[in-house]
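Model the placement of chain B on the given structure of chain A, informed by the hints.
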Amino acid sequence: MIRLTRVQKAYPNGAMALRNVSFEVQKGEFVFLTGHSGAGKSTILKLLFAEQRPSAGEVRVANFAVHGMPQSDVPKLRRKLGVVFQDFRLLEDRTTTENIAFALEATGARADTIPARVMRVLTQVGLAAKARAYPRELSGGEQQRVAIARALVNDPVVLLADEPTGNLDERATRGVFQLLREINTAGTTVVMATHDLDLVRQTDYRTIEMRDGGIVFDSAADAPEAP
Amino acid sequence: MRLLLREALLSFRRTPALSFLSVVAIAFSLFTVGLFGLVAINMREALRGVEERVEVVAFLLRGTVPETVTLASQDIAAFPEVADVTYVSEDQALAQARRELVEFRDAYSDLQVNPLPASLAIRLKAGFRDAEHVAAVAERVKGFQFVEDVRYGRDWVERLDQLRGTSTIVGLLIGAAFALVAIVIIGVTIRLTILQRAREIAVMRVVGASNWFVRGPFLLEGIVKGLLGGVLALALAYLAYRLFRGNGTGPLAGMVFFEPQHMLALLVFGVVLGLLGSVVSVGRHLQDV
Numbered sequence: 001m002i003r004l005t006r007v008q009k010a011y012p013n014g015a016m017a018l019r020n021v022s023f024e025v026q027k028g029e030f031v032f033l034t035g036h037s038g039a040g041k042s043t044i045l046k047l048l049f050a051e052q053r054p055s056a057g058e059v060r061v062a063n064f065a066v067h068g069m070p071q072s073d074v075p076k077l078r079r080k081l082g083v084v085f086q087d088f089r090l091l092e093d094r095t096t097t098e099n100i101a102f103a104l105e106a107t108g109a110r111a112d113t114i115p116a117r118v119m120r121v122l123t124q125v126g127l128a129a130k131a132r133a134y135p136r137e138l139s140g141g142e143q144q145r146v147a148i149a150r151a152l153v154n155d156p157v158v159l160l161a162d163e164p165t166g167n168l169d170e171r172a173t174r175g176v177f178q179l180l181r182e183i184n185t186a187g188t189t190v191v192m193a194t195h196d197l198d199l200v201r202q203t204d205y206r207t208i209e210m211r212d213g214g215i216v217f218d219s220a221a222d223a224p225e226a227p
Numbered sequence: 001m002r003l004l005l006r007e008a009l010l011s012f013r014r015t016p017a018l019s020f021l022s023v024v025a026i027a028f029s030l031f032t033v034g035l036f037g038l039v040a041i042n043m044r045e046a047l048r049g050v051e052e053r054v055e056v057v058a059f060l061l062r063g064t065v066p067e068t069v070t071l072a073s074q075d076i077a078a079f080p081e082v083a084d085v086t087y088v089s090e091d092q093a094l095a096q097a098r099r100e101l102v103e104f105r106d107a108y109s110d111l112q113v114n115p116l117p118a119s120l121a122i123r124l125k126a127g128f129r130d131a132e133h134v135a136a137v138a139e140r141v142k143g144f145q146f147v148e149d150v151r152y153g154r155d156w157v158e159r160l161d162q163l164r165g166t167s168t169i170v171g172l173l174i175g176a177a178f179a180l181v182a183i184v185i186i187g188v189t190i191r192l193t194i195l196q197r198a199r200e201i202a203v204m205r206v207v208g209a210s211n212w213f214v215r216g217p218f219l220l221e222g223i224v225k226g227l228l229g230g231v232l233a234l235a236l237a238y239l240a241y242r243l244f245r246g247n248g249t250g251p252l253a254g255m256v257f258f259e260p261q262h263m264l265a266l267l268v269f270g271v272v273l274g275l276l277g278s279v280v281s282v283g284r285h286l287q288d289v
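Protein chains in written order, with the working numbering: chain A, 1 to 227; chain B, 1 to 289.
The following block holds chain A by itself, in its conformation from the complex (with noise of 0.2 Å):
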């Protein structure tokens, strides 16, 4: 589902984000990349959906080689995968409903299928009741939850989580990722990244380490070239 062979990323300013990093990640796994900021996490989660290219080597996700995509395949990959963000990138001025929806109009879903859908992811992440509220009026833990559906209407192979507990308190925390679980559980692919390393002592969930740019630990014993 994911491959990463021989990565490297340079800044503008010559200094490696990310050097010789490769790794795999099988379909329906739920993989943590771990380490502290600035270790390389968010850097490989923006490489996975071509916000950024890498310097050298290949990555390969949902079958597009992510390496070599001409930006206007870009927007092809990203239908396949949902993105969730530590600060949630709400839309402020848009109900629960309308942000949901909104990510299947910019991929133009058809109309009359939208509210159904909406509806659906709704009722997943457990807010069919705030469907009208505007986000301001959510908890950060609902908030958080309302950008899960909205990364899942799209019915995504892959589903990318940016520190998506960074900003929420325990209880919050733990509903958010209970929902991480349950829909990794329904076959989708979750890659996380998180400092947070009380919750990757619950599960037994594979672990990538990343420290200065390098892989320095992978749970997953068949890991391909760890270092």
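If you are wondering where the hints come from, they were derived from the structure by calculation, not from laboratory data.
Do not take every clue at face value.
Stated by the list, open to error - Not everything, but these chain A residues come out facing chain B in the computed CB check (under 8 Å):
no.: 1; residue: Pro70
no.: 2; residue: Ser72
no.: 3; residue: Arg78
no.: 4; residue: Val83
no.: 5; residue: Leu91
no.: 6; residue: Ala106
no.: 7; residue: Thr107
Stated by the list, open to error - Just a sample of chain B residues kept apart from chain A, beta carbon distances all over 12 Å, derived:
no.: 8; residue: Ser19
no.: 9; residue: Phe28
no.: 10; residue: Ala131
no.: 11; residue: Glu158
no.: 12; residue: Glu200
no.: 13; residue: Ala209
no.: 14; residue: Asn211
no.: 15; residue: Leu239
Just so it is clear, CB atoms sit at the ideal spot from N, CA and C, and this is done for glycine as well.
Chain B alone, transformed into the frame defined by chain A:
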């Protein structure tokens, strides 16, 4: 398409002041272009009136035989530049002088002998009323033996030519300058909208919206602003026209307003400016957000 329109109009609702400002700015730019156009149209109308009166007058030697004159008239009328030739006899010339030069009516009526010569009034076809052609015709007419003298408003014709040339150049320059200003203004307002909507654009990008979906609303916004600016500019131009024309008795009473195709051209011009401004701005700034 409906979605596109909704997103574009949403930006008007969200930033009414900014949108209003940009429409007004476009309107003033187009208004100035429009005012110039109005002046140009009226100048052309006026010039056409003056041009129609451009004629070559050949004064004939006294005692020229009418048959000779008739034959020569036919020759001259066959010149490619000539529209028609009218023979004005000595008596007709006197009658005309009495009619037109009211101030000298008494002087003319007391005359024992008619001092005015017979003449041929030669009118030229449209398109041949410039200095070069008029002079050429005058030269050829002068070649007839019975023609004593040829007159035409040489200065008049040449000045007319210059005026027409200058007004065209000045018009194009001012029009181009203001078009540029309008493009810049639209570009800046679109840029502000893009920055303001950076978050939304980022979300669109992440969920996999096509480039057209992201750009479409901004381009449409430019078009709508250009169109609204054009309509406002037309309204302003009409107001100015009514103001100039006054109550229909002043010196500018005969002023004309735009024909429908001119109004359409101004609106299309506004739309083109709006689109250009947004295309430039979207191209330059959409990458940054």
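Results of checking the hints against the structure:
no. : hint   : in the structure
1   : Pro70  : 11 Å, violated
2   : Ser72  : 7 Å, holds
3   : Arg78  : 3 Å, holds
4   : Val83  : 5 Å, holds
5   : Leu91  : 6 Å, holds
6   : Ala106 : 4 Å, holds
7   : Thr107 : 5 Å, holds
8   : Ser19  : 16 Å, holds
9   : Phe28  : 31 Å, holds
10  : Ala131 : 59 Å, holds
11  : Glu158 : 60 Å, holds
12  : Glu200 : 6 Å, violated
13  : Ala209 : 4 Å, violated
14  : Asn211 : 7 Å, violated
15  : Leu239 : 37 Å, holds
Hint check: violations occur at hints 1, 12, 13, 14; the rest are consistent with the structure.
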